[in-house]
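Chemist: For reference, the chains in residue letters:
2 protein chains.
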Amino acid sequence: MKLNVKLLDIASRGVLLNSTDARTLRVRDGDRVLLIDEVTGRTAQAYVDTTDSIIEPGVVGVYKPVNATLAAGDGATVEVRSADRPRSLVHIKKKMDGGRFTKDETVEVIKDVVDDTLSAGEISAYVTASYIHGLDLDEIEYLTRAMVDTGERLRFTRHPIVDKHSIGGVPGNKISLLIVPIIAASGLLIPKTSSRAITGAGGTADLMEVLAPVDFPASEVQRMTEKAGGVIVWGGATNIAPADDKIIAHEYPLRIDARGQMIASVMAKKTAVDADLVIIDIPVGRNTKVEDVQDGRKLAREFIDIGERLGMRVECALSYGESPVGHTIGPNLEVREALTVLEGATEPNSLIQKSISLAGMALEMAGKAAPGQGAEVAADVLRSGKALDKMRQIIEIQGGDPNVKAEDLQPGEYKFDVRAPQDGYVIELNNRSLVTLARFAGSPYDHGAGLYIHAKKGKRVKKGDPIFTIYAEREWRLSRAIEVGRALMPVVVEGMVIERIPQDRWV
Amino acid sequence: MKLNVKLLDIASRGVLLNSTDARTLRVRDGDRVLLIDEVTGRTAQAYVDTTDSIIEPGVVGVYKPVNATLAAGDGATVEVRSADRPRSLVHIKKKMDGGRFTKDETVEVIKDVVDDTLSAGEISAYVTASYIHGLDLDEIEYLTRAMVDTGERLRFTRHPIVDKHSIGGVPGNKISLLIVPIIAASGLLIPKTSSRAITGAGGTADLMEVLAPVDFPASEVQRMTEKAGGVIVWGGATNIAPADDKIIAHEYPLRIDARGQMIASVMAKKTAVDADLVIIDIPVGRNTKVEDVQDGRKLAREFIDIGERLGMRVECALSYGESPVGHTIGPNLEVREALTVLEGATEPNSLIQKSISLAGMALEMAGKAAPGQGAEVAADVLRSGKALDKMRQIIEIQGGDPNVKAEDLQPGEYKFDVRAPQDGYVIELNNRSLVTLARFAGSPYDHGAGLYIHAKKGKRVKKGDPIFTIYAEREWRLSRAIEVGRALMPVVVEGMVIERIPQDRWV
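Residue numbers (our numbering), protein chains in the order written: chain A, 1 to 507; chain B, 1 to 507.
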């Protein structure tokens, strides 16, 4: 059926049809149609919305993301027809029935994910089936390669390229802000693409954004890395492994983080930035993604195997994940803490030790430190001020203010101290609850929102001592966080359980 | 955030926000928001679309299905906020991890499906997880009851109520057009709700629509049944077990027909129409839904068990499913064939035998025929003309022309004979391919489109004999069907394979 284009400024992958035309086309709301431009021959798929009045018969309202592909002008004539069923649905069905994806099938599915040829429901079926039946190493390799091939790639002339990834699950994990400048200051290249918070209180990209812009195309990431030795940017803006964001968007509502999918998405990004040496940080502990060391070792083995298949050297660090790294959660607080260390502070120990250990592993792999000496070499780079200089250079090349100081970064003006209800030891400090609290306080969107933890697990406290402080930029968010905190009770001081009176727990 | 309503005539469950407001609300395209009317207190959930120009900041464009719940006027003030994550996602995640749904969890999921609280992706995850892990009898019972409770119910004062269902998979299965009038003419009540074609060439509702309107609310279905003894209506218009349509819409793209889901959906509809005695037709054979008799028996046992749990007597018939029932596929052709039988024809045997056997089972269960005599009693009702009279009464009460005759119903004017390429026996006549052909010819939308099968499986044919005729209302559809037929080759005449020359297969 031939229809005249009317461009509509709506940001979803749809077209708006008059319901008469939809009936003639035998399509209903949510059905998939194919649009073919009569003149240019360009095509685009879209999902149908219908109306009785906004669009008249004979016209098709084309939403923005559809026209990004179709590139038709207002009034252009397009052929609109019911779209064929994508072949990748056959592969997804096979996986649902317990089959394994072949290489070609994986490519077909991932291409259809990236092109929006698969609907939300179909991608969700793919994600669910892959989660339930799992992916074996071959399937993970195919998936990794397919994700790389459907996005952009960096190609460096100077090598080795170092990269680092933390699989997440521990709050306050601002270590990239130290590792990247240490590595770059050591003469290596590290083009670090990071994520924004999905379930967390701030991804590395959210933190770096406090200091400088983080949205750059892939070519800029390469140019800046070649010049400054390192960058810390948001991966989502680069079009590197773009399938990943779409898949994660479907995992998120269900709170699944399918192992094979996760390994492929990490390794695809590392492959696409041309990495040779990769450090994977695997936080282990209750209330993190990996509950025990055995499980962590198995996951590490899988990362290393996939790395070998793709020509990368991978080393993994199982790290302590039961407490936040450092004392802070939330953008300004975390960045302040990291800058303090770059400026010479010798505290907090957990943050410094973790950062120099991981940076040291990379330095050893690259031959910049003798075996067993990496952490010490990294600590020297940090103590010498070279890491701070490098970080300033990175901030500058990304367009931020290189003269920023730790003290410039302040938490929100509204705050609330959570105090020990009695003498005792902090025997529990629940990671997930802390993150939830920080989010209710406004993190990561309100940069000043977050938590400062005074007493970590194992610390002896007296009645009335502050255990942590909640910061917020807006009063109502602070109130909301306090209210949620009363329900979550992320802190347990020994003995407290005996006197369980919920409304009085937080004084 | 308070926004002013602007009603938009778009038929999807969304709202259109200016992207500035979306940013302030921290929501992105596809996110779920909750709308609360300031004055009435009514609430509705919706999915976000964004625009830079169609809607200005401070305004929310509310699409039609959302306002069906919200009932706000243009200019009304609503509070719009990011919606909470539905709890049913926790239950779906549990199922993904191999758990079993409890009764309460099932109720929560189905309620959220019916209310559109779950997104397309989330319903798809539910369907996929239920398909992969399966549902046990307890879960099927919970699901059945939840589907009944989230829709309307009929409550008859006169009993027993008979109902019949075919699980599908065999083309040309127009038996309800004979069974319903036979049962009703025997003095029993049969409020038959049927489906429209999803993957088929015509559901019973599509067939009946040739004779009379089929869209009625539940209360009308009850009233008409009490008066005429029976009806044949479209279930989708009744709001009986409405969750089913939404779930099927997500199974369809993946071509899954999850067993537990299917049993629950059938039994929910039977429960909701107040049925006491239920006949389930299970066609068995290659290229149907149930491939062998063992499998059919197992499925029958499950239907019977769930029936017992819900207080219904269920009997199942495993029927021959490898060939179409009768000679016709497609609305006008099938209805003509059924009316011919009601008018006294003694052919086609497969159609008459199947109809009187199933009707006979119900007559025996209801005590209207002695054990073993049901089919004969049903045949008498048919031969006597009472079934024809009853059918006319049913057509009339539904608003059709009671004087319609078989000869009034004609297939489309464009036709093509598919002929035997050599002497031999028809050794294959593929159900799925026949249905695909009929659909390409325009069935069920074009009532005149369909197939007439001259030579069924096992029939001896001479070279050049017609095996089947394709009918269409539009020439281009006939051409398309012929073209598709050449690729599908739904007919194999013995010996033919040796001379395999695809382009010449159909002369």
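None of these hints come from the bench; they were simulated from the model. The C-beta atom is built at its ideal place from N, Cα and C for all residues, glycine as well. Please note that a few of the clues may not be correct.
For the chain A half of the interface with chain B, some residues (derived, Cβ under 10 Å), not all of them [as the list claims (entries may be wrong)]:
1. T51
2. I54
3. G58
4. R255
Derived lysine to aspartate or glutamate pairs resembling EDC-like cross-links, with alpha carbons at most 20 Å apart [what the hints assert, rightly or not]:
5. A:K93 / B:D31
6. A:K386 / A:D401
7. B:K94 / A:E56
8. A:K246 / B:E483
9. B:K93 / A:D97
10. A:K246 / A:D97
11. B:K64 / A:E56
12. A:K289 / B:D97
13. A:K94 / B:D31
Chemist: Run every hint past the structure and note whether it holds.
Modeler: Structure-based check of each hint:
1. This hint holds: T51 (chain A) has a C-beta 5 Å from the nearest C-beta of chain B, less than the 10 Å allowed.
2. For I54 (chain A), the shortest C-beta to C-beta distance to chain B is roughly 5 Å, which falls under 10 Å, so the interface hint holds.
3. Contact between G58 (chain A) and chain B, as hinted, is not supported at the beta carbon level, the nearest pair being about 17 Å apart and thus beyond 10 Å.
4. Checking R255 (chain A) against chain B: minimum C-beta separation of about 6 Å stays under 10 Å; hint holds.
5. Simply put, K93 (chain A) and D31 (chain B) have alpha-carbon atoms about 27 Å apart, too far for the 20 Å limit, and the pair is violated.
6. For the hint linking K386 (chain A) to D401 (chain A), the alpha-carbon distance of about 18 Å falls within 20 Å, and the restraint holds.
7. Of the supplied pair hints, the one linking K94 (chain B) and E56 (chain A) is violated, its CA atoms being roughly 46 Å apart against a limit of 20 Å.
8. With a CA separation close to 38 Å, the supplied pair K246 (chain A) and E483 (chain B) exceeds the 20 Å bound.
9. This hinted pair checks out: K93 (chain B) and D97 (chain A) have alpha carbons roughly 19 Å apart, not beyond 20 Å.
10. Restraint check for K246 (chain A) and D97 (chain A): the C-alpha separation of about 23 Å exceeds 20 Å, so the hint is violated.
11. Proximity of K64 (chain B) to E56 (chain A) is assessed by CA-CA distance (about 17 Å); at most 20 Å being required, the pair is judged to hold.
12. Our distance criterion of 20 Å between C-alpha atoms is met by K289 (chain A) and D97 (chain B), whose separation comes to about 15 Å.
13. Straight-line distance between C-alpha atoms of K94 (chain A) and D31 (chain B) comes to about 30 Å, which puts the hinted pair past the 20 Å bound.
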